[in-house]
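K.L.:
Chains as they are written, first to last, in the working numbering: chain A, 1 to 111; chain B, 1 to 113.
Derived by calculation from the structure, the hints in this document are not laboratory data.
Please note that the accuracy of each hint is not assured.
What the hints assert, rightly or not - Stretch by stretch, here's where chain A covers chain B in the computed footprint (C-beta under 8 Å, at least three residues): (1) 41-54; (2) 105-112.
Stated by the list, open to error - In silico DSSO-like pairs for lysine-lysine, Cα to Cα no more than 27 Å straight-line: (3) A:K103 <-> B:K57; (4) B:K57 <-> A:K70; (5) B:K57 <-> B:K70; (6) B:K9 <-> A:K103; (7) A:K59 <-> A:K103; (8) A:K70 <-> A:K57; (9) A:K56 <-> A:K103; (10) B:K71 <-> B:K9; (11) A:K103 <-> A:K57.
None of the values given here were measured: they were computed from a predicted structure.
Glycine residues also receive a C-beta, built at the ideal position from the N, C-alpha and C atoms.
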Amino acid sequence: TQLLEQSPQFLSIQEGENLTVYCNSSSVFSSLQWYRQEPGEGPVLLVTVVTGGEVKKLKRLTFQFGDARKDSSLHITAAQPGDTGLYLCAGAGGGADGLTFGKGTHLIIQP
Amino acid sequence: NAGVTQTPKFRVLKTGQSMTLLCAQDMNHEYMYWYRQDPGMGLRLIHYSVGEGTTAKGEVPDGYNVSRLKKQNFLLGLESAAPSQTSVYFCASSRGTYSRELFFGEGSRLTVL
Chain A
1 TQLLEQSPQF LSIQEGENLT VYCNSSSVFS SLQWYRQEPG EGPVLLVTVV TGGEVKKLKR
61 LTFQFGDARK DSSLHITAAQ PGDTGLYLCA GAGGGADGLT FGKGTHLIIQ P
Chain B
1 NAGVTQTPKF RVLKTGQSMT LLCAQDMNHE YMYWYRQDPG MGLRLIHYSV GEGTTAKGEV
61 PDGYNVSRLK KQNFLLGLES AAPSQTSVYF CASSRGTYSR ELFFGEGSRL TVL
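So here's chain B without its partners, still in its complex pose:
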């Protein structure tokens, strides 16, 4: 019953460093999403993918890149981390447009010093 798995769960970076967050889902879902959650701001969509090899920008895409080389994996990259990217990042997946239920991972807490 893995569902959506995110790695790592915690990470501390220095400004300017790069890193990649990995999201893996075992439900054969077509759609995958990356959100960030900040106090007082709610969940905001960063990037999403409607299928293998496709990605699209969400509400707050600047400073992030994504890739979906395999259907089950969705990677979120930070090329040059900034303190403003300190947040909790959530990956989610869904079956498709008709079923909009999102299945979330447990989150990855990132701190940029």
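Bound-form chain A, shown alone:
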């Protein structure tokens, strides 16, 4: 069974601060995705990283896939209250079965 561990589980910071969320595993994934989920809604894809060492930027969000494709990080610069939500990382194996999800990071950005 492939496991993904996210840290921290909870994070509450002030608007304007920077933060990093980590997603770690002992398994290798063919790709890794980050989703954001708001209360009462389903997760929505933010980004997919495929190549080891890959870095993708989405406005103030920077995603990195580890060289060995076992871990990933999400860095938010100058966090805003609109960034508040549950951030989930999810790893894809080689088969057709569903993604393996981490337990998520609850992020609160206080004005």
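Dock chain B against chain A, hints included.
P.N.:
Relative to chain A, chain B alone:
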């Protein structure tokens, strides 16, 4: 822009009752999934389907059955509900193995008393 639609959105059952959750997608996706989300446990895969007429077990399949009679629909059934099945259930679909992006429904909150 319907995407993935789940019905019902809320349901309360008594222990032992049965029910079916319906998932419908209008994106012509081949793959469909049922996940459950519990506090502190994250999203766990129950069953999935890679095409019409096919289903397979996920991580936590016990107590659930599924059917994919039509490509656009994926049904999740509980034959005899238990309190441990109290959860939020999410249906998701994807184009296929190459594109692993999941499109989720809004969720169905089930409470079993």
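K.L.:
Next step is simple, just say for each hint if it's right about the structure.
P.N.:
Cross-check of the supplied hints:
1. 41-54: Contact hint for the stretch 41-54 of chain B vs chain A: holds, 7 residues under 8 Å.
2. 105-112: Satisfied; 3 residues make the cut.
3. A:K103 <-> B:K57: OK: A:K103 and B:K57 at ~21 Å, within 27 Å.
4. B:K57 <-> A:K70: Holds - the C-alpha atoms of A:K70 and B:K57 are around 25 Å apart, at most 27 Å.
5. B:K57 <-> B:K70: Given pair B:K57, B:K70 holds - Cα atoms ~18 Å apart, limit 27 Å.
6. B:K9 <-> A:K103: holds, 23 Å
7. A:K59 <-> A:K103: holds, 25 Å
8. A:K70 <-> A:K57: holds, 19 Å
9. A:K56 <-> A:K103: holds, 22 Å
10. B:K71 <-> B:K9: holds, 22 Å
11. A:K103 <-> A:K57: holds, 23 Å
Consistency with the previously given hints is maintained throughout, with no hint failing.
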